[in-house]
Amino acid sequence: MAFLETAHPYPGRLIIVEGCDGSGKSTQLALLKRWLEAMGYPVFFTEWNSSDLIKEATKKAKKAKALTPTTFSLLHACDFADRFETQMLPHLQAGYLVLADRYVYTALARDVVRGCHPDWVRNTYRFAVRPDLAFYFSAPLEVSLMRILAGRPELKYHEAGMDLGLSPDPAESFRLFQGLIKEQYDAMAGPLGLITMDATRPVQDQQAEMRAVVAQMLTGYEPAPTAALGTARPTAAVADEGVTG
Amino acid sequence: MNRAWSFYGQGFPYLEAGSWPGRLIALEGADGAGRSTQIAMLTDWLERHRHPVLVTGLRRSALVGKLIARAKLGNRLGRRTRSLLYATDLADQLENQVIPALRAGFVVLADRYIFSAMARDLARGAEPAWLEQLYGFALKPDLIIYLQTTPRERLARALAKSSTLDYWESGLDLGLADDRVASHLAYQSLLQEHLDRMADLCGFVTVDASAPKKEIHEQVRSAVEPVLEGGGALAGS
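Chain order of the listed sequences is S and B. Read left to right, the first sequence gives residues 1 to 245 (the numbering used here). Read left to right, the second sequence gives residues 1 to 237 (the numbering used here).
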């Protein structure tokens, strides 16, 4: 499963989070972002499916149920490529810490579950850079299902994987779909070097662990000059700082 | 006679393989090679011979056709994004228009297919292996006609069509030359090199597009006729 094996040559650092819906990954990344910013690091944040250029087309096509597994995959690749070329890469080149909520591994998991060939999907995303840190927030299926199904009973068509025809019942389809995605994540985590985080632990404990790993990775990192950004020069990363710190 | 489908790579793995009565014919050739004229003449001839015809082409998908046209107006598009958008456009047309039409027995004429799109990306530095696998979903046409012209001829035709040379068709984003005409010639030569190489590799039927259009049409027709009978130029390849 050779994929994104070479470290990027840029002065910035790329930290990404992955996981099933309801795994708490976005919460963890938001807390990490606050911590990094509080220390004065130049941070750029980006999330899946958010390109100004592409997202309207994706939304429209999803609503019209006009996407096949291949066009679903390609359209999300367009969205990623646009954000990668115009935002993530320039920020890495300029020496920023780039934080991404979902990265290419999301596509690897979802598109393969939808029926695309794994080699084909990996090839599509071969232009991406290997993250300096990739966290996979892993929870037993029932835990993430409970978090999502309790808070937001209106499941969207694609979110529930209804396009796969697994079940006519959205909640049941969502369960089956998330289960298949989790299988993909679990299988790729080791070979592709994702750091598996136990997403059932208390939020603060997970964050403390995440900060410790990030602090270690930041040794040797020369941030982009921050004077122009109006922030102070970063202080050394302190891993044991509290979540609210 | 039904044709078994065949793809350049993985195809659409979730679709059931099968065969269909239709035929897919691609016309390739750089901008200004007279493709539209030949498509119109061929369509006319096919319909007179009772073949239903569907014409497809680049940027004509419902999914992203307009988006690409809009994005091209600005300087917004990165090269990788542009490659992927064209691939998305083609995949959408294949699954939603071309394959259903082939199943229904249409002759589908592709006014440019993956090769033109690949040539443009290759001219912009895309890795050949990446592109080849990306377009692995593309159906192998029953026939690929390549309208070959020289960069000089295309320059003349481009200026005859519009008084200003198009930014993208002149490859101005590549910085090949300061001068617009020099850039157009250099870019079109690059495209030609790539298309010529693909012509050899993928068995294009090359037609000299500097001939009068009626003569070209005769040559196109003589390439198309055997494909309609059953034994296509690419059969068994």
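Bear in mind the hints are in silico, worked out from the structure with no lab data behind them. Warning: the hint list may mix true and false statements.
Some chain B residues flagged as far from chain S (calculated, every beta-carbon gap over 12 Å) [said to hold, decoys possible]:
| id | residue |
| --- | --- |
| 1 | Gln10 |
| 2 | Arg76 |
| 3 | Asp200 |
| 4 | Ala211 |
| 5 | Glu225 |
Pulled a few chain B residues facing chain S out of the computed Cβ check, cut under 10 Å [what the hints assert, rightly or not]:
| id | residue |
| --- | --- |
| 6 | Leu15 |
| 7 | Val55 |
| 8 | Leu67 |
| 9 | Ala129 |
DSS-like, lysine-lysine: derived pairs with alpha carbons at most 27 Å apart [to be verified]:
| id | chain 1 | residue 1 | chain 2 | residue 2 |
| --- | --- | --- | --- | --- |
| 10 | S | Lys182 | S | Lys33 |
| 11 | S | Lys156 | S | Lys65 |
| 12 | S | Lys182 | S | Lys55 |
| 13 | S | Lys156 | S | Lys63 |
| 14 | S | Lys55 | B | Lys66 |
| 15 | S | Lys63 | S | Lys33 |
| 16 | S | Lys55 | S | Lys65 |
| 17 | B | Lys140 | B | Lys66 |
| 18 | S | Lys55 | B | Lys140 |
| 19 | S | Lys62 | S | Lys156 |
| 20 | S | Lys156 | S | Lys182 |
| 21 | S | Lys60 | B | Lys140 |
| 22 | S | Lys62 | B | Lys72 |
| 23 | S | Lys62 | B | Lys66 |
| 24 | B | Lys161 | S | Lys59 |
| 25 | S | Lys156 | B | Lys66 |
| 26 | S | Lys63 | B | Lys140 |
| 27 | B | Lys214 | B | Lys66 |
| 28 | B | Lys66 | S | Lys59 |
| 29 | S | Lys182 | S | Lys59 |
| 30 | S | Lys65 | B | Lys66 |
| 31 | B | Lys161 | S | Lys60 |
| 32 | S | Lys156 | S | Lys59 |
| 33 | B | Lys72 | B | Lys213 |
| 34 | B | Lys161 | S | Lys63 |
From the three backbone atoms N, C-alpha and C, an ideal C-beta is built for every residue, glycine too.
*Taking only the CA atoms, is the gap from Lys161/B to Lys60/S under or equal to 27 Å?*
Violated. Lys161/B to Lys60/S sits at ~35 Å, over the 27 Å cutoff.
_Holds or violated: Lys156/S and Lys65/S, Cα atoms, limit 27 Å._
With Cα atoms ~11 Å apart, Lys156/S and Lys65/S stay inside 27 Å; holds.
*For Glu225/B, which was marked as not at the interface, is the minimum beta-carbon distance to chain S over 12 Å?*
With a cut-off of 12 Å, Glu225/B remains clear of chain S, as the shortest Cβ separation is near 33 Å.
*Does the no-contact call for Gln10/B survive, Cβ to all of chain S over 12 Å?*
At about 4 Å from chain S, Gln10/B fails to clear the 12 Å cut-off, so the statement is violated.
*Has the given pair, Lys182/S with Lys59/S, been kept, meaning a C-alpha gap of at most 27 Å?*
holds, 24 Å
*Hinted contact Leu15/B with chain S - closest CB pair below 10 Å*: Since the shortest Cβ distance to chain S is 9 Å, the answer is holds.
*Holds or violated: are the alpha carbons of Lys55/S and Lys140/B at most 27 Å from each other?*
Given that 27 Å is the threshold and the Cα spacing comes to 31 Å, the pair is violated.
*Nearest-CB test (12 Å) between chain S and Asp200/B*: Non-interface label stands for Asp200/B: nearest chain S Cβ at 24 Å, farther than 12 Å.
_Hinted pair, alpha-carbon criterion (27 Å max): Lys156/S, Lys182/S. Please report holds or violated._
The given pair, whose Cα atoms are some 19 Å apart, holds under the 27 Å limit.
*asked:* So if I understand the rule, the pair passes when the alpha-carbon distance is 27 Å or less; does Lys182/S with Lys55/S pass?
replied: Judged against 27 Å, a Cα distance of about 25 Å means the pair holds.
*asked:* Given a cut of 10 Å on the nearest C-beta pair, is the interface hint for Ala129/B held or broken against chain S?
replied: Since chain S brings a Cβ to about 8 Å from Ala129/B, closer than 10 Å, the hint holds.
_Hint check: Lys63/S vs Lys33/S, CA-CA at most 27 Å. Holds or violated?_
violated, 32 Å
Checked against the numbered hints listed earlier, the structure breaks hints 1, 2, 7, 15, 18, 21, 24, 26, 27, 31, 33 and 34; every other hint is satisfied.
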